[in-house]
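Those protein sequences? They're chains Z and D, same order as listed.
Counting along the first sequence from 1, when you hit position 22 you're at 22 in our numbering, and nothing is skipped either side.
For any residue, its number in our numbering is found by taking its place in the second sequence, counting from 1, and adding 102.
Derived by calculation from the structure, the hints in this document are not laboratory data.
Every residue gets a Cβ at the ideal spot worked out from N, C-alpha and C, and that includes glycine.
Treat the hints with care, as some may be off.
So these bits of chain D aren't anywhere near chain Z, every CB distance computed over 10 angstroms [what the hints assert, rightly or not]: (1) F159; (2) E166; (3) G169; (4) A181; (5) G184; (6) V211; (7) A220; (8) V229.
Some chain D residues close to chain Z (C-beta under 7 angstroms, calculated; not the full set) [claimed, not checked]: (9) A154; (10) K163; (11) D164; (12) K173; (13) P177; (14) S203; (15) E204; (16) L214.
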Amino acid sequence: MALLHTVNKSPFERNALSDCLRRAKDGSAVLLIEDGVYAALEGTFATDEISSRTGSVNFFALAPDIEARGLGNKPLIDGITLVDYGGFVDLVEEYSSVQSWL
Amino acid sequence: MDEYEDDEFDGPVKKFMFVNRKAPYGTVYALEGLEVVLIAAAFDQDVSMVFADDGVFQIKKDQETSGINMKNFSPTFRALEGYDVEKVYAEKESLEARGLSEDDLVIPVEVLSSSELAELMDTQEVVITF
């Protein structure tokens with residue numbers, strides 16, 4: 001069974017995303033929440049972290065956190081699926097357990 | 103009575119620089135930092151405001167926070183001018199690393215390189231980072 005990883009820290013300030021991706025197995029999911037959603041931006045110093053794994057890991061970002069931070073009109077990395085709070089709950093149900101990279 | 107009639111601040115005026123380095127909603131630093139800047143300005147201090155590192159995200163346009171039940175305080179940055187805070191800077195390297203440009207920002211800023219910012223920081227009497 002595959003894990004759902006959640007990352008809530010900005011990739012420009014903390015290593016939480018890198019630490020997560022180093023341990024995330026192919027077929028697992030990574031959901032970006034809170035300040036973690038900054039990692040979803042296209043064209044940043046952190047973009048490669050995610051774009052190099054989109055073929056093997058399922059990436060999601062929480063839309064209300066994207067909108068709150070004014071990122072809704074900015075290009076996001078191809079292969080990231082936006083979800084709402086209901087979608088978050090669905091992911092928790094779908095994967096075997098949740099690993100929070102606080 | 104006389105002492106209450108004049109509400110102008112006539113104490114010492116110092117050169118204050120406030121350096122905003124945090125993203126807006128993940129922690130309370132950004133909101134609290136903005137409050138402190140407005141207070142310093144209300145006391146007629148010589149205030150400079152800098153957005154660097156994740157702090158540049160504080161002034162990103164189009165923030166819409168109804169979905170996370172938090173106050174969108176980005177419009178408050180537009181009030182800085184009314185408090186005579188006119189020295190507002192953003193660091194070039196921080197914007198570029200995050201894929202942002204001046205067009206993405208909610209207020210006009212002067213964009214400075216890290217080395218220009220270092221020079222400016224050197225001329226301050228008080229530097230406070232949030």
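Right, here's what the structure says about each hint:
Distance to chain Z contradicts F159 of chain D as a non-interface residue, since its nearest Cβ pair spans about 6 angstroms, not more than 10 angstroms. The beta carbon of E166 of chain D sits about 5 angstroms from the closest Cβ of chain Z, which is not more than 10 angstroms, so the claim that it is off the interface is violated. At the 10 angstroms boundary, the C-beta of G169 of chain D falls inside the reach of chain Z, the nearest C-beta of that chain being 3 angstroms off. The beta carbon of A181 of chain D sits about 18 angstroms from the closest Cβ of chain Z, which is more than 10 angstroms, so the claim that it is off the interface holds.
For G184 of chain D, the non-interface assignment is confirmed: its Cβ lies about 22 angstroms from the closest Cβ of chain Z, beyond the 10 angstroms cut-off. The Cβ of V211 of chain D sits about 15 angstroms from the closest Cβ of chain Z, beyond the 10 angstroms cut-off, so the non-interface label holds. At roughly 20 angstroms, the least C-beta separation between A220 of chain D and chain Z is larger than 10 angstroms, which holds for a residue marked as non-interface. With a cut of 10 angstroms on Cβ distances, V229 of chain D stays outside the contact zone with chain Z, its closest approach being about 20 angstroms.
Annotation: A154 of chain D was flagged as interfacial toward chain Z, and the flag is violated, the nearest CB pair being 11 angstroms apart, outside 7 angstroms. Look at K163 of chain D: its Cβ gets to within about 6 angstroms of chain Z, closer than 7 angstroms, so that hint holds up. Because the smallest distance between the Cβ of D164 of chain D and any Cβ of chain Z comes to about 4 angstroms, under 7 angstroms, the interface hint for this residue holds. The interface hint given for K173 of chain D is violated, since its Cβ lies 10 angstroms from the closest Cβ of chain Z, which is over the 7 angstroms cut-off.
The closest approach between the C-beta of P177 of chain D and any C-beta of chain Z is roughly 12 angstroms, which is over the 7 angstroms cut-off, so the hint fails. With its C-beta approaching chain Z no nearer than about 10 angstroms, S203 of chain D sits outside the 7 angstroms limit, and its interface hint is violated. A hinted interface residue such as E204 of chain D counts as satisfied when its beta carbon comes closer than 7 angstroms to some beta carbon of chain Z; here the least separation is about 14 angstroms, so the hint is violated. A distance limit of 7 angstroms between C-beta atoms decides the matter here; for L214 of chain D the minimum to chain Z is near 18 angstroms, and the interface restraint is violated.
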